[in-house]
Amino acid sequence: MNLANRRSPRRPWLALTILAAFLLAFFALPVGRMFLAGFSDDEGHLAGKSITVFLANPLYAESLFNSVSAALGAAILAALAALPVAVVLWRFRLQPPLILELFGFLPLFVPPFMLSLSLQTLLGRGGALGMLLQPVGEIDPAMWGLPGLMVIEAIHYFPLVLMTLLFSTAGYAQQAHEAARLGNSWFRLVTRVFLPLGLPGLAFGMAITFLKTLDDLATPLSLGLTNLLAPQAYFRVSTYGHMDPLSSLMAMAMIAISVIVWAISAGFIRHGATQWEPPHRQTPPSLTTGQRRLGGLFLVSIAAFYALCYSGMLLTSLAGIWSHTLLPESYVLAHYASALENETGGLINTLVYCGLAALLDVAIGLAVARAIDRSPPRWKKNLLWGAAALLSIPGVALAIAYLQFFPGMRLPLVGTPLDATWFLLPMAFSVRGLPFAIQAGTFALRSLPAPYLEAALLSGASRLAIIRRIILPMMAFGLLIAFLICFGIAAVDLSSAMLLIPSETDAPVSYSIYLHMQTSTGRGTGAALAVLTIAVVALAMSAFVLATRRRAPVLRQGERAAFPDIPG
Amino acid sequence: MRSLTCLFCAIIFAWLPVGGEAAELVLVASSFPKEILSAYKRAFDEQSPEYRVEFVNFPATNAISYVRDRAPGARPDVFWGSSPDTFSALKRHGLLQALEGTANPDIPPVIGKLTIDDPEHAYRGQALSGYGIMWNQRYLDARGIHPPATWSDLARPEYFGHIVMSSASRSSTTHLIVESILQGAGWEAGWELILRIAGNCATITERSFDVPNSITRGRFGLGPVVDFLALSGKYSGYPVDFVYAWPSVVTPVGIGLINGARNPEGGKAFIAFTLSAAGQRLLLRPEISRLPVLPEIYESSERPADYPDLFDITRSYLSAYAPDVSESRYQMVGALFDQTATFRHKELVEITKTLHALEARLQRTPDAETARLLDKVRRLVYRVPVREDDELLIRKPRNSREQISAIAVREAEWARQSDDNLTTARAWLAQAAQRLAPDREPR
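Those protein sequence lines, which keep their order, are chains C and P. Note that the numbering used here has the first sequence beginning at 1, numbered continuously upward. Note that the numbering used here has the second sequence beginning at 1001, numbered continuously upward.
Think of the hints as simulated: they come from the structure by calculation, not from any bench. Among the clues, some could well be false.
[What the hints assert, rightly or not] Under the rule of at most 20 angstroms between Cα atoms (straight-line distance), these lysine to aspartate or glutamate pairs were calculated in the DMTMM-like manner:
1. P:Lys1346 x C:Glu329
2. P:Lys1346 x C:Glu138
3. P:Lys1353 x P:Asp1419
4. C:Lys49 x P:Glu1413
5. P:Lys1091 x P:Asp1118
6. P:Lys1353 x C:Glu138
7. P:Lys1268 x P:Glu1050
8. P:Lys1113 x P:Asp1324
9. C:Lys49 x P:Glu1402
10. P:Lys1234 x C:Glu329
11. P:Lys1268 x P:Asp1420
[Unchecked claim] Reference listing, derived: stretches of chain C covered by chain P, where coverage requires no fewer than 3 residues with Cβ under 8 angstroms from a Cβ of chain P:
12. 120-128
13. 237-245
We put the beta carbon where it would ideally sit given N, CA and C, even for glycine.
With the rest of the complex left out, here is chain P (with noise of 0.2 angstroms):
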């Protein structure tokens, strides 16, 4: 009988904060930091009491998966988030519905050569943001070293162990910056470079925000970030400085309405808000540190002297970058890079540090046979399995049971063809080792 009670007790004392709401739920997914998602909240249900935003934070990379998972009605209202391949990827799986009325007619449709909105209405630029490395300033002095300027930088021996990145697979940032070097190196130079950083890399960690954050407190030195996660650190007072790297790229941070969309219109004054003056000064925040798309923002008094300049990184942009190529192999460039970086981590650091050893020793006593093992391990160890015009990257993915089985059967193949190519070098490791080691001056 008591249990009886309790359960009725709770039953209705779970309906309690249900019942007595009055302001409509605004269901906002994002794959934005809680400072900037939790200023937007409070500035927005101020403005509009008769709505009430919430938040679900999940990795934009997982976007498809979450909103598709779910049936129309149980979705949230807007998705929000700085990947232009996520957008691409949601507007084609139909997964957003047209905005209308949103817009905001101050902010020009083109900035540099970058387009804002998408042309189709389907989601609307909102924001800017920029990659590069970040560091530490005072981690790199006490190990006397200097800050790297590109991309190609990081792979480079001194800044083995001090590097710190996040999984393509599970941050859209480090997604769009593996994308770009694959775009603008080439494929197999591309994934050479990616997984010669990854080598380097003290670790690999499960969100892009802990990147910034290990960072700032000086635990690692140096890594890959998109703009504003460095800029808030730096403008908050930490001893950070960043740089855009080349091959850089700029792109739009997209809000757009989810199709099946729980409270639409709840939707759409949400994104006129971010869209408004008063959404786009928030932009500016020690804390965010966004780069706004309204430029009468940029001639406000709030904006920090050495506040980055629109038009001076949008210059930079690479036009080359294809969204659309991005887009069709999101999934297979993410699972890649956890199957030859993340989950063979500790190998990859491993064969690295020998490698670095082995160089160093090689250019004080040059041998023509174990420059060319060295090489052979590089090429081994730091190459991608699967080819460029491989089906499974060409061919766009239907999230079938079928396909997933498929795509884990050639997990399966490149985990062990990996296992395979990282004991063959280790064997080759050992013989350049033992070939340098006669030479070796003694300690």
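Same shape as in the complex, but just chain C (with noise of 0.2 angstroms):
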């Protein structure tokens, strides 16, 4: 980073404060103040009479209980379910298409709600699969109670696991098939070799698997369970106003179970045997034709398995009359008229705030990692997780914090009130994005080769030539991927939109779905609306890839560095 050195100190220093006032009113403050609303009395001294009450009613501790056990769970099923398939592609050095590799990033881009509501369609008793076995037995998720949300929760994120996994073994794939060559047995090296490099990408898979599903609030709800944290906490804003103390609490020990599952990940992750930093790429594995056939089968088997998830929601956006029939009466395309025709409002409301959201996410992911990256080296992963973790706060607590901090401020300039305004939903979801900003900007960071920017110092290339020449092509992929996740983040964070939305159209398309699949004959709207959205999600996976494939002599290294473990 010479070339910001060479920089005159004052605009640094604009950057920090900017980024430190943001943090300050948007994070720091509101959350301080949700701290001493918990704490205190009417009259504003300190009192601990709200957690006597909170630990007097045998709800909340089951709240407590059945929120960490649920995201415990499906953290754990999802591990138990990617692990096998993992150590399957990494003995057969199997290498899934990038396409599909990709689409393990899926669960962050669609709320999970969508697979419980197509789930319930599927195997719920009022069609398909639910109404043939009826006899048998109930099988609609909606009924299994807690196990329900966990088995959702995991098939969900279960790609991301599996992902996560993979990058942080594929690097040593060719090493252990030549020490398997040498006579080492799989299942040592398995033990020996996959699961400790496997470990880190495990735990950072599964603590993101965990600190979302314990911030679900649409999940649990579709489910028809409230005795979880989020549900309680929302329930309680909802009938008692902000000044709830004891939902304060609430978000408080979501914040507190947040941090400590961060911090243990954390220390797995950061201990791991690998730096997240493959060797170069190897050569193609020599597979047999039955092996790939094998491979292939084997993939297109998960993929069909998650299609087969997801019919349910396809079928209910193109059926007719469906009620207590195994397949739809009739099929129409009206909901899709339907969703495009009243539904375009929402959506473009949607790109701008989620969009808005990104920018600012990656703005702040960039200078925040830039302020990392200057820092002395053994403090750089600390630091960056440190950050990460200050700010992995759920969603529920945060638009609980805001809903206490921002009534009666008003916008400068134009005098409405802050919170009558669509302002506060990009602010919380930029704060809940910039864990995900803050990495993604490192990995840009890494895109910026040094030596380039100093020969173009040297041979007296003006800033803005440097900026435009080398830093936005070398950079271009890296701000593009942490854009796009914290754009889909934002896009499916339907637990602080649910609390914060001052108008529906100003709701993210989540929230539109999530409401018309509550309605008898908005259902089929939703359901349309629910497909076009995964539908532009794949379309734009499918562009980057292209995109990417097509500038991959260019952007070799940028690539390497963004997504560093991908063998592609």
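Quick one: dock chain against chain with the hints and give me the complex.
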């Protein structure tokens, strides 16, 4: 970062001040205020009364226990499913096509309640498998209680856990094969090489699954589960208003759990054997045709499982009347027409808010990443994970903090009260996306080759030219990834949106889907909207892969830095 | 530097849509489903291009906290909802402003025994809602069950596991039904019936809409709903039907202007539109299926043949229903429902199931002692932990932190008591099962 060192010292300070002001206004102060609200009485004196009340009600102890066990269960189930698949892929050095790898990130872009609703359609008593198997037993996931939530979240986050596992192990598959050729048993290789290598990725994937499940509001509600922290806090805020001290306490309990889990997983990730920096590209594996076919079948069957899981959504979006019959009585496209006709305004708003949140995230993430990059080496990792841990705040908790902090404040110039505008939504989204943005920013920065910059500076190029000709092209890929990830996270962040939206048309598309799916006549429209959303995400990913392929020779370096372990 | 540029671009970008608007925003808060809201939005935006209406959707049970939590000027312009209790509470909190010049003279002030508008013009009646039970005919036929006629039918064993209902704290429809049962049958007996119905429920949903939604799909068989949600399913071609159940209540759907509205003129324009012939005619659309308050609409050719008749419905109106009683304990009835039914649903279902099974066995092999035990269980489990004259239910709620804490203390007591009761009930049920076991016929 020699370029940065030569800049006038004023500018980094300006950037850092803006960053600090943002974090203060939209993170530290609201959360601090909520902390005080949980522990003070009407006169503002510190009091422990609300804690006593919280502990006295067995319901809250149960909710705490249920929340932690559901999140833990989902993380463990996802890991148990991902481990054998990852071992098989590693053992046979099967390389899923890049597009499939990218679909591993789909869980970040699609809210899990869609899976829940899709499965309820398929497995509920009203149609498809559920109706067929009704004489044998109940398979509607809403009837399973807590395990239903665990299974749905595990299915939803499994691709993500699998991807993080593959990323952290792929680099050494080649060496393992050579070791195996030298007579090491595969069992030994798996326990001695694969597992230690995979631990950081596994810990990361499990932590994300845990945190997202803990924070999830729409999925438990769609399953009729109320005795969890997030729904209880949501119910209390909506019944008693944001003055309620117990919801502040529940929000704080969620923050505490998130920070602890993040710290534990960060420990695993830091002490992992790899730096997530794989060796250079390996020679393509020499697989026999049979192995390749088997591998293809393996990957296709996983993809088919997911297609089946979401087919309930697809069927609903195409169904005319579907009531207590195996399959819909008729198929129509009217729901798509209605979704496109009535929801385009909402879609555009979604683009604006989530785009704004993602832009903020990329800017802030990059600034933080650079600040961390320039800190002493031994602090770097600690800072990176510390920053991420501090910011891994559940959406419900952040929304409650905003509801307490911002009433009465007005927008400068316009004079409209802040909480009557959609302004708080992108702010909440961007705070939620920051941990990911900082990681992505670090990757993007790594794709900036210092020698190029030095050479350009030595040859007397202007700063503008350097930014235009070197920095932007080299970092474009990383920045694009950061933007997409933050955008996706904002678009599915239903937990904060459910509490913060000022009007329905200002809501992210996921909230519209959630609302639509609950009415009998709007259900098809909601499903059509969901299918369209998934299609848009899939198209964006495919376009992204195509663009990567086309620009591969130019961006090889960037690509590797941003997705360090993609063997592609 | 780049980050700064990004930030500026972002901020400018963010203001673009706001800067480019010509039409004035009218914000309507409502608990209605999206179909109704989008139909009115389209019609109103078309008729009055100077305004652009937008909606904020949340359960009517949360209206007070939602409006009060926002400063005047940050509040929505209009509140539109089914629950008369909510309007009564909004009015008492001073959150509504008087409506002048929005009335449609063709709407009669009284229909049957029902007064349509608020006497002080704080809100107007825009449509009528009746409450009853909706069922899926195919679902019931497949299981050989007959449709119920009254609320108490829902507590019968044959409906166990087939009912779906929403929570009284999250759905103003359920709240109104619960309150009408409480007022019709009395506090203790009313709660017993409500808890027995809750024990028969397969699930308790988060929003009112999910009840008719699950029934139209045939996921569950039947449940308590507001008429239009059932009728819209029926007229859209689903195999569902509906009956106004006793003790029945018909209430006017209210619409009112919020005190502290950002755009009172726009709000009034929207209210006037919903009361006009064009606005009333929208109610007949199959996906809406609400009962207009403008009598001439019932004469129109768009009305489906077996559409409910305005005067038939208002005849059945239970005049004893007292919205002010309901309003005074509004929050607490919701909280009690949640503490005793929603949050303890799993346990309630388990005990109800055992009770039904033992009752059936008891009929085959009568035993006085077992009958006594089961009676004790019923009295323990289906009992509300609070008396009707409890201070919490009589005192008007003030939303201070102290009062919320006081309610939370009571909630904790109820929860502990309910846990104890469930443990005792399980023990008694085990005793009863043991007494009946030797007599059981071998399979």
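Hints, one by one, checked against the model:
no.: 1; hint: P:Lys1346 x C:Glu329; result: violated (34 angstroms)
no.: 2; hint: P:Lys1346 x C:Glu138; result: holds (15 angstroms)
no.: 3; hint: P:Lys1353 x P:Asp1419; result: holds (18 angstroms)
no.: 4; hint: C:Lys49 x P:Glu1413; result: holds (15 angstroms)
no.: 5; hint: P:Lys1091 x P:Asp1118; result: holds (10 angstroms)
no.: 6; hint: P:Lys1353 x C:Glu138; result: holds (15 angstroms)
no.: 7; hint: P:Lys1268 x P:Glu1050; result: holds (13 angstroms)
no.: 8; hint: P:Lys1113 x P:Asp1324; result: holds (17 angstroms)
no.: 9; hint: C:Lys49 x P:Glu1402; result: holds (10 angstroms)
no.: 10; hint: P:Lys1234 x C:Glu329; result: holds (16 angstroms)
no.: 11; hint: P:Lys1268 x P:Asp1420; result: violated (53 angstroms)
no.: 12; hint: 120-128; result: holds (count 6)
no.: 13; hint: 237-245; result: holds (count 8)
This entry does not satisfy hints 1, 11, going by the numbered hints stated previously.
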